[in-house]
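Put chain V on the given structure of chain G with help from the hints.
There are 2 protein chains.
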Amino acid sequence: MNLLLIDNSDFISPGTIAVSGRRFLQLRDIIKAAPGDTIRTGMKNGMLGISTITAMEEERAILQPELNTPPPPPSPVTLVCALQRPPTFKKILHGALTMGVKKIHFIHAAKVEKSYWQSSVLRENELDHEIRLALEQCGDTVYPDFEYHTKFKPFVEDILPQLVKDSALALFGHPRAQTPLPPPPPGKIIVAAGPEGGFTDYENMMLENAGMTPVTLGQRVLRSEYAVTALLAKLS
Amino acid sequence: MNLLLIDNSDFISPGTIAVSGRRFLQLRDIIKAAPGDTIRTGMKNGMLGISTITAMEEERAILQPELNTPPPPPSPVTLVCALQRPPTFKKILHGALTMGVKKIHFIHAAKVEKSYWQSSVLRENELDHEIRLALEQCGDTVYPDFEYHTKFKPFVEDILPQLVKDSALALFGHPRAQTPLPPPPPGKIIVAAGPEGGFTDYENMMLENAGMTPVTLGQRVLRSEYAVTALLAKLS
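Those sequence lines, one after another, are chains G and V.
Counting from 136, one number per residue, gives the positions in the first sequence under the numbering used here.
Counting from 136, one number per residue, gives the positions in the second sequence under the numbering used here.
This is chain G alone, in the form it adopts within the complex (with noise of 0.2 angstroms):
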């Protein structure tokens, strides 16, 4: 936990929170927090900075913060993501929220088992904890927005197009593909990564014709959570 991320409900009086549960016992036993000391706090969607310690009760520490900073700037990317078996949609939702991505469309697509889709990854509790553990890591106060779009046709006939015509520059990686990665361009991006397995080739046809390039991420084939930590890194 690099930042103690905080929210309207943790606020026991103007200017004091109490806070509980994990967040106390990782301020108890991790880092063996003593009234008086500082933790680097953050506002839910708002401002950075610390708090001090006034107290550490039985079950909860009271804090006093100070925010006065604003977060970190946010990725440029918008990620379209086809999901994925849940302990690597776990991996990628970390690596993507902690790299600063802000929005993520999760898809559909021919190599996606429908089970994927009743995962309790999905539920809202899991993936607020996954989120909060993501911000928490990267000293970040901005929840990212997800949206779900269980046919892969519909999206990039319907949806995709707009998206694509918003951005800057839009890109899918293709195992087939000749042009490498460019350069970003100023504005926004958008980028899609495909199921484990790729791909087919109709759905490689479809994204090329909602306006994405096909572009190669070199010979080397990389477990899904690191191709796409590589690929934002590229694109940052």
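Everything labelled a hint here was simulated from the structure, so no lab data went into it.
Every value quoted in this text rests on a predicted model; they were computed, and no experiment measured them.
Keep in mind that the hints are not guaranteed to be accurate.
Which copy? The list can't say, so a pair holds if one copy fits it or any two copies do.
Stated by the list, open to error - Capping the alpha-carbon separation at 30 angstroms, the derived lysine-lysine pairs in BS3-like fashion look like this:
hint, residue 1, residue 2
1, 369, 288
2, 167, 286
3, 249, 238
4, 288, 179
5, 167, 300
6, 288, 249
7, 167, 246
8, 225, 246
9, 167, 249
10, 369, 238
Here is chain V on its own, set in the frame of chain G:
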């Protein structure tokens, strides 16, 4: 398994190999290979190509390899990496190897727990397994080379300065550095990555004394495996 990695011991006659164990089970149960199918194949430290399956027996597959393509070029980066707890070690290793790193110096540092040096992941057979998984993932045949330095000071004083002299760029991530990552020059690059919690001020000073430039990797703090992947992507 994107590549069937073979070595000389797999040959049962000139031009014919037999694979058993994990690789056989992958061919039979995951890839569902049948006689006549071709499988991307690479010779340990040698050429890449395809193998044609001539028989799927009870406990082994018989294949005829035709290898005539060189492996992908290695990364120019030599990694100096503080030893991490075993799960993180495996993730960093996988990320670095699939991105083509061929030389890693694992080093001690103040925030490296001594017990990490006794971990079974450093034993030759476990390490060989991790290397194989990474080479099979990324489609490479060239084994990496690791060195272990269980004392920080002798490494940075006696070994690191020469490695820096042999490199066109030598850098390490520093939380208070102002210099951003420069564009990668042609030639060798050496990069040091700290332990969980970072290098100490003393260690940072020693790295600078050895000729390494402290750079900022941005405002966001990434988990080690994502940080190393992002760094390698930006330097490739």
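Results for each hint:
1. Only within a single protomer do residue 369 and residue 288 lie at most 30 angstroms apart by alpha-carbon distance; the minimum there is 29 angstroms, versus 34 angstroms between protomers.
2. In this assembly of identical chains, the alpha carbons of residue 167 and residue 286 lie at most 30 angstroms apart only when taken from different copies (28 angstroms versus 48 angstroms within one copy).
3. Taking the closest pair of Cα atoms, residue 249 and residue 238 come within 30 angstroms of each other only inside a single copy of the chain (23 angstroms); across copies the shortest separation is 41 angstroms, beyond that limit.
4. For a Cα distance limit of 30 angstroms, the shortest separation of residue 288 from residue 179 qualifies neither inside one copy, at 35 angstroms, nor across copies, at 42 angstroms.
5. For the homomeric pair residue 167 and residue 300, neither the shortest alpha-carbon distance inside one copy (50 angstroms) nor that between copies (42 angstroms) is at most 30 angstroms.
6. In this assembly of identical chains, residue 288 and residue 249 lie within 30 angstroms of each other by CA distance solely inside one copy; the values are 15 angstroms within and 54 angstroms between copies.
7. In this assembly of identical chains, residue 167 and residue 246 lie within 30 angstroms of each other by CA distance solely across copies; the values are 16 angstroms between and 46 angstroms within a copy.
8. With identical chains, the CA atoms of residue 225 and residue 246 are at most 30 angstroms apart both within one copy (18 angstroms) and between copies (27 angstroms).
9. For the homomeric pair residue 167 and residue 249, the shortest alpha-carbon distance between copies (21 angstroms) is at most 30 angstroms, but the shortest distance inside one copy (44 angstroms) is not.
10. Taking the shortest alpha-carbon separations for residue 369 and residue 238, both the intra-copy value of 18 angstroms and the inter-copy value of 22 angstroms come in at or below 30 angstroms.
Consistency note: the structure conflicts with the earlier hints numbered 4 and 5.
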